[in-house]
Amino acid sequence: MRDHGTFLLNGERHEIRDMSPTTTLLNYLREDQKLTGTKEGCAEGDCGACTVVVSELVDGAVQHRAVNACIQFLPMLEGKSVTTVERLRGPGGTLHPCQQALVDTHGSQCGFCTPGFAMSLFAAYEDRQGKGLDRDTANDVLAGNLCRCTGYGPIITAAETMGDLPAPQWGEDRAARELRALEALCHTDTVKVASTDQQFFAPATLGEFAELFAEFPDATIVAGATDVGLWVTKRHMHLKTIIYTGRVQGFAHIAVSDNTLTIGAGATYSDAIQTLAEHFPDLGELVRRIGSTQVRNAGTIGGNIANGSPIGDCPPALIALNATLVLRTGDAQRRIPLEDFFVDYGVQDRKPGEFVEAIEVPLLENPDQFRCYKLTKRFDQDISAVCGCFHVTVDDGQVSSARIAYGGMAATPKRASAVEAALVGKAWTMETCEAALSKFSEDFSPMTDMRASSDYRMRSAQNLLIKYFVEGTEPLSTTRLVGRGSTIAGGANHA
Amino acid sequence: MLDIPAAKSTETIAGAVHSDHRHDSGHKHVSGEAIYVDDIPTPDNCLNIYIAMSTHAHAKVTHMDVSAVRHAPGVAVVLTATDVPGENDVSPVNGDDPVFADGEVLCVGQSLFAVAADTIQQARAAATLATITYEDLPAYITIDEAMEAGSLLEEPYTMARGDAASAIDGAAHSLSGRFYLGGQEHFYLEGQAALAIPGEDDDVLVYSSTQHPSEVQHTVGKVLGIPNNAVTVEIRRMGGGFGGKETSGNLPAAAAALVAKKTNRPAKVCYDRDDDMVITGKRHDFRIDYRVGYDDDGGITGIEYDQAARCGMSYDLSMAICDRAMFHADNTYYLPHVRITSYRCLTHTVSSCAFRGFGGPQGMVAMERVIDEIAHTLGKDPLDVRRVNYYAAADEESIRNVTPYHMTVEDCVIDEIVQELTASSSYTARRSEIREWNKGSPIIKRGLALSPVKFGISFTTSFLNQAGALVHIYHDGSIHLNHGGTEMGQGLFVKVAQVAAEVFQVDIDRVKITATNTAKVPNTSATAASSGSDMNGMATLNACETIKQRLMEFAASQHQVSVDDIEFLPGRVRVGAEEIPFNKLVHDAYMARISLSATGFYATPKIHWDRASASGRPFYYFAYGAAVTEVAIDTLTGENRILRVDILHDVGQSLNPVIDLGQIEGGYVQGAGWLTTEELWWDDEGHLKTHAPSTYKIPACSDRAPDMRIGLWEKGRNREDTIYRSKAVGEPPLMLGISAFLALSDAVASVADYKTYPALHAPATPECILMAVERLKGGSS
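For the protein sequence lines, the chains are B and U, in the order given.
Sequential numbering of the first sequence, starting at 1, is according to our numbering.
Sequential numbering of the second sequence, starting at 1, is according to our numbering.
I should point out that these hints are in silico values taken from the structure, not numbers from a laboratory.
No farther apart than 20 Å at their CA atoms in a straight line, the calculated lysine to any residue pairs in the SDA-like style are these:
| id | chain 1 | residue 1 | chain 2 | residue 2 |
| --- | --- | --- | --- | --- |
| 1 | U | Lys777 | B | Glu434 |
| 2 | U | Lys439 | B | Pro475 |
| 3 | U | Lys28 | B | Pro91 |
| 4 | U | Lys439 | B | Thr473 |
| 5 | U | Lys520 | U | Ser214 |
| 6 | U | Lys689 | B | Asp227 |
| 7 | B | Lys240 | U | Pro73 |
| 8 | U | Lys777 | B | Ser438 |
| 9 | B | Lys34 | U | Asp39 |
| 10 | U | Lys28 | B | Glu86 |
| 11 | B | Lys34 | U | Glu33 |
| 12 | U | Lys755 | U | Leu378 |
| 13 | U | Lys28 | B | Gly92 |
| 14 | U | Lys689 | B | Arg235 |
| 15 | U | Lys606 | U | Arg719 |
| 16 | B | Lys234 | U | Trp682 |
| 17 | U | Lys689 | B | Thr448 |
| 18 | U | Lys689 | B | Trp231 |
| 19 | B | Lys351 | B | Pro217 |
| 20 | B | Lys234 | U | His687 |
| 21 | U | Lys584 | U | Pro570 |
| 22 | B | Lys240 | B | Arg2 |
| 23 | B | Lys240 | B | Asp18 |
| 24 | B | Lys234 | U | Met53 |
Anything over 10 Å on all C-beta distances counts as not near chain B; from chain U, calculated:
| id | residue |
| --- | --- |
| 25 | Val61 |
| 26 | Arg70 |
| 27 | Asp83 |
| 28 | Gly177 |
| 29 | Ala230 |
| 30 | Ala393 |
| 31 | Glu436 |
| 32 | Tyr474 |
| 33 | Asp509 |
| 34 | Lys520 |
| 35 | Arg574 |
| 36 | Ala592 |
| 37 | Ile607 |
| 38 | Ala759 |
What you are looking at is a predicted structure, and each value in this text was computed from that prediction instead of being measured.
Using N, Cα and C, we set each Cβ at its ideal position, and we do this for glycine too.
Use the sequences and the hints to build the structure in full.
So, in structure tokens, the structure goes:
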């Protein structure tokens, strides 16, 4: 076991030891390293002013991803390479094309959000070998970067045109050096970073992870820290023991076999989105609207389940898809229907030392029978007021099965059992759906909070059933304003 | 001798007025090199300050013990009300915003005490060790509660002309209603920040993220009990302001200065986002009751408004803000008989404060909604009703040009602008096409609306309309520019630098833009009321002209020519038949002992205001613009999307068109956000629950309309003698966003075949829209 962490910062090797392992990358940059180009705008991963690019080796190649430095704990960067805005310019101060494009299009006004935008664009530029972005892609790439001054138009233009500028001459040289440096950092030791009263473990194998968790069953498990990060930055909790899953080999695997999609608990949304969209187009669309690029690059589907939130978006979708949860304690595995995992608010069916290992989702014969809807005040980067997910099968015009689950309607993600019962065996018609609407009050009595009133939640949840029915026969362009299948807002056609 | 090469003798300079010139800090923004207050390198002994806040809306503080806080690790000092050597007040006007609450708290988030420690984590942790006992008192959270209880800051204030009640009663038609309009969080990306460096004697230097350095200076002096000349305040740039840094910077600056002088260590306050959103004020929310009489064409004969605003626990700038809501209750319309009464509600919530538009947008939305509703009842296109009510055009012989506050509108160009925009946006054809389209689209409905803007330019508190500048030319020919305005992203600095470059006919990179500093230009007004470039541009022009005159007189005597025979050309000066490089003339003047430094000053002419009679000329001129917005709504969920925006806006003769376009687009998006997704939500106990971007939703990238066509009005030219005949642009475009709200209303109306007025409240969130849809469907079935 190593007693220190190692990562690269702007090409330089940094060792971290004897410090609070919940020190955020942002505080390390600004306070320890005096790299003040990266800004704090919210400390909760919602504004993107702190965006940096984290690069790591994936199957021998370097993968670049934008993340929010404000909610990354420093030891999570083990073996990775961090690039901040200070590193974008070339020798002699030449601006990188993503920076030059922002300058040329008047993409900055107050400038405080700008380094974050530059980093998001830089990650996209690297990902796409120096190409500009089309508008839909730009909207997705930049959904996690808030700007209060410009109205975004000039920034979108910068995203579209950055590929037209000369490619940086220094890019290849740096990339080669980064690859070599990352290779040199590879190892499979468990890393421990500790201070006087905090410890952080980053195991590299499932076995070591399971052992550590058995030894420290009260430990907080951290995957992307898109939730746990906020326990520290917002609730100011002092976490004693943390076990990080991000280095565990195989924990992020995604595989399809025997008509089942298996998602490793450590798979990030970004890892999974393509496969999800392939097998469940609407789930791909839902995931596209979870958080932002930065959040999806860090957050995991397993974490979205394990934290038990009543407003996580994956659980209702996966419940409607009849997913099975694989739980593990030491060497012992058990499988339960996902819906049974959520016992009550803040209570899950998870024993001490037990962790979520994977999610198994049966593939559908007709993927388009599955639909989900995320209702928010703002389309992008917003937490659902209501998330409704539907899978109804029909034989000879009769409903043969119905799985309907909602988030935001109860203390847990929850099936609409009474509504389902009112549908099964009936003719699949608008009249049947309308008759089932009265059953919602048997399933749910939603709360009023800052996201929506109880009335809105109930009424919109009912209307989603109507929408689902209509979408059985009508094209999505007649029912959707954004995303998959929509055409009205400028021909957006994701996934 | 002359290190800077002589300016090129090309025919035009770089950065002339009226030319596109990029933001002076653009390259520093993108590289992270632009420095904000929290980025200033500090010595290792710098203290970090956490301000502890009230958790009760209205209560006596019967007991507060901070001794455990004092003894917590890393803590250097804890300051409460009793530790304030001067006045315990950071208010801008009325003396009612204590630095630290003294015995009673008036809102959740009110400052109780400050903890200074080595790290902010230590300070925050220490603050939790205080024991505080509250004894709750009755609290009014909402406007309805305050109005019910008669909880007002001051007597209601009325502006009136004619006999509105009789005119309405005698009108062919009349209608009345009540409209609720939410507030708005500024959400500047950079939170409030102040860094104080103690000096010798009483001296303290404060770096403050503020739109109003002079007020921060005066406040620090007042709180510390030291003269203004001991306090220097500096700000190079803010990470956004929008009015939220007009007064809210006073508290952090005062706290930082107090700690710095108490400990003789540098001290810093940087609110984190949640604290910032709880502790600082927001745009005032309003409840507006209206009653209007009108004729068959929709011509308004009389109107009454009762505007009730949530001012919060103290005045702050609420008087002037509520006044401005009244000044804009007419928008672009002549109101023959009118009464506008304003109720300034004292509530136990954070003191509402300045926000881009300063009350104007609230008054204006109500007017536009009334026009919309009149059109609806008459079955007319709202544009037709707008048109019959416009103020008389400039130069038109008419009595229809007097405002409810008895000012004559001399420059009305709204009809011309709207006609151009109506044509360029194909408004009429699209309106028909959309109505037809909606018939075939049961779930998604589209809507279209046009709204005009007329916004008064000047501080309505007349004495604030003054500005100063300081210009030096060094003997190498480089120019140092300083003025009282602050840069918050709006491009003020580059615009003012263009003025200096223009006067001297040198490339703009010759002009060094320097941080706003109270030691260079004193007694300044806030950079607010859209007045930044109007006033500081003029003051700079004045300073530059002074130096230029000296240079010309020097050259005239040296070369024995008349001053009239001297001309500043790009990079050079023609003196008689001879051309002399600018640098050489400057150097020669220095050698001849000519002063190359000057102050400049400007006081806006013509304005006056008599509050007692509610009459006068509060505004030097008006800025105009109009927007057409098309939206789509989902009638099953209330979700919505802005599809297309067409804008035509009058900035006079623009100082810098690309900068102005940026203000217009950003203003529109911010205004549309205010009226759609941005919802502030307090619980019954007065706790703001939307205090971070996870819960408070400003527009994101994809919310920007995919099709947005923005034009500067080519005929624009300020009739008044403003800086190069430009017009102010900071605030007016925000109100173009009203068209988005009205377009949503139009889309909702379609579900009941346009037979029922949706009467949306703002913000029109998905919930607000769905509930209106359901209401209309219920009514029509």
